[in-house]
Amino acid sequence: MKSVLDVAAIKADFPIFEQSMRGAKRLVFLDSGATSQKPRSVIEAESNFYYTSNAAVHRGSYLLAERASEAFDGARSDVADFLGVGSDEIIFTKSATESLNILAYAFGNPRSAHHVGPGDEIVLSELEHHANLIPWQELAKRTGAVLKWFSAREDGSLDLSNISSVITEKCKIVAITHQSNVLGSIPNIAPIISAAHAVGALFVLDACQSVPHMPVAPRDLGIDFLAFSGHKALGPTGVGVLWGKSDLLDGMQPMLFGGSMIESVTMTDATWADAPKRFEAGVPNMAQAVGLAAGLKYLQSVGLENIHNWELQLTKRALDGLREIADVKILGPQTLEDRGGVISFVIDGLHPHDVGQVMDQFGVAVRTGHHCAWPLIRKLGVSGTTRASFYLYNDMSDVDVLLESVTAARDYFRKR
Amino acid sequence: MELDSLYQEVILDHYKNPHHKGLPTGEIQVHHVNPSCGDEITLSLAVTNGIITDLVWDGVGCSISQASSSIMSDLVLGKSVDAAFSILDEFSALMASKGAMVGNEDVLEDAIALAGVSKFPARVKCALLGWMAFKDAAIQADTSWRREQ
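Chains as they are written, first to last, in my numbering: chain A, 1 to 416; chain B, 1 to 149.
Since the hints were derived computationally from the structure, they do not count as laboratory data.
There could be a bad hint or two in this list.
[To be verified] Across the chosen pairs, the derived CB separations fall in these ranges:
1. SER36(B) / ASP73(A): 49 to 57 Å
2. LYS329(A) / GLY22(B): 27 to 35 Å
3. SER36(B) / ILE43(A): 26 to 34 Å
4. VAL107(B) / ILE43(A): 30 to 38 Å
5. ARG26(A) / SER5(B): 39 to 47 Å
6. HIS31(B) / LEU221(A): 53 to 61 Å
7. SER144(B) / ARG111(A): 33 to 41 Å
8. SER194(A) / SER5(B): 53 to 61 Å
9. VAL33(B) / THR237(A): 40 to 48 Å
Ideal Cβ placement from N, Cα and C applies to all residues, glycine included.
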């Protein structure tokens, strides 16, 4: 297995890199943790759907409707193959955020087979992105359930020393991230999954930062639900995925009601179709699902293991380089162990916004601020961080420009 | 460098030595947040007979938000609420100008140094954070003073 990617060839597949940034600088895109760039194959798959196959799926009796249905169903089975799960377990949503909200909404409905009530416990972690925090906060408020969480340690891992008091017989749901979007740390979820199942709780994995970057097999992990966003995995915006075990999905009440999701309807009542349709009310995001399938195929052709290894090589060079720059502090994991290609850092005395602004002059795109994980940022004792996140189209020279721009940011404000 | 038009000397001076920054203790106190980046400001002020007689602010934020809050407090302290609001209007117009305006120095004084911010749309909110907190607090303080009369 090759461990070094042909990044030049990969980059050539992404048309966005053909343009230059401020002052004729080449684009050094280090914000894939927020959203990924798109290869030509994804852009073409999405637009080709509109050129050749656009019709409402699963309705019309004409050729175009057949094509649309085939493309959409095909995309579903491609996503299922990618995760190694059944097609009927893949729900297309508009985003990972919506995927997680569908779950939180269903678990708040007493008509769902699995639901929470007053005094039941929902367990999260301090690493969570707002998308895997606020839906559960709201569920707790609606139902009288109690929120509990695992603390994050300074190295980005979770403190599991109190696991038996965090996950008790009252626990109904555990929802944890697969990889911190702020620190890049990969928490040790295996013991949490076991503890959740031992008390009959369901385990939800926020896989937004993992599915696009490393091999993820929900069945092997032994989890119950998984959410990821399409646009972080080379796919278009406007499409996310919710995976769930089919017996669990069929016991859950939907969040949105309307066309396509029903089995039968009278003037006073309706019954639901089985999953996945029950969770996909309305004409779905067909072109986006087709685009996402093309994105996942691209990732498979390069190899998820290769991508993960390459990102770690980039991360190593960046960590080594950042450590050489005085006044820079790397937050979270300091080594390559249990992490992905995301690095957060601060420069002593400088605000991340100002740091990012100088880096932008070098064509470097990084995220600054709280990264939609405000509780974690507070825990780290900073007002925000600058975050560089790598993907398959980044090369070692991107890391060099990153380091050059960080040094320049520090010096720009020091000298004046 | 394009950057120097954003980070003018006067901005960095205010950033390093902000004016009227301290512990806001006044009765009228507001807390504003820039939700996209997490910058925060707490500002308290007093209005007596339509005049802004006291203003103290504290906050965390980037150089632009800190400098702009410092410059704003210099500009509005001692002015009437009406006069301060017309400065605010002029500053808001400058921030919305996308680099097309240079700003009237007679009215905006040090705040014209922030003209370059308008070329960076993502930073306009930073520059306005303190001003919006001021506006909120001034309306409350003015209303409260009138009620007591």
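**Message:** Hint by hint, where does the structure go against what was stated? Just the numbers, ascending.
**Reply:** 1, 4, 5, 6, 7 and 9
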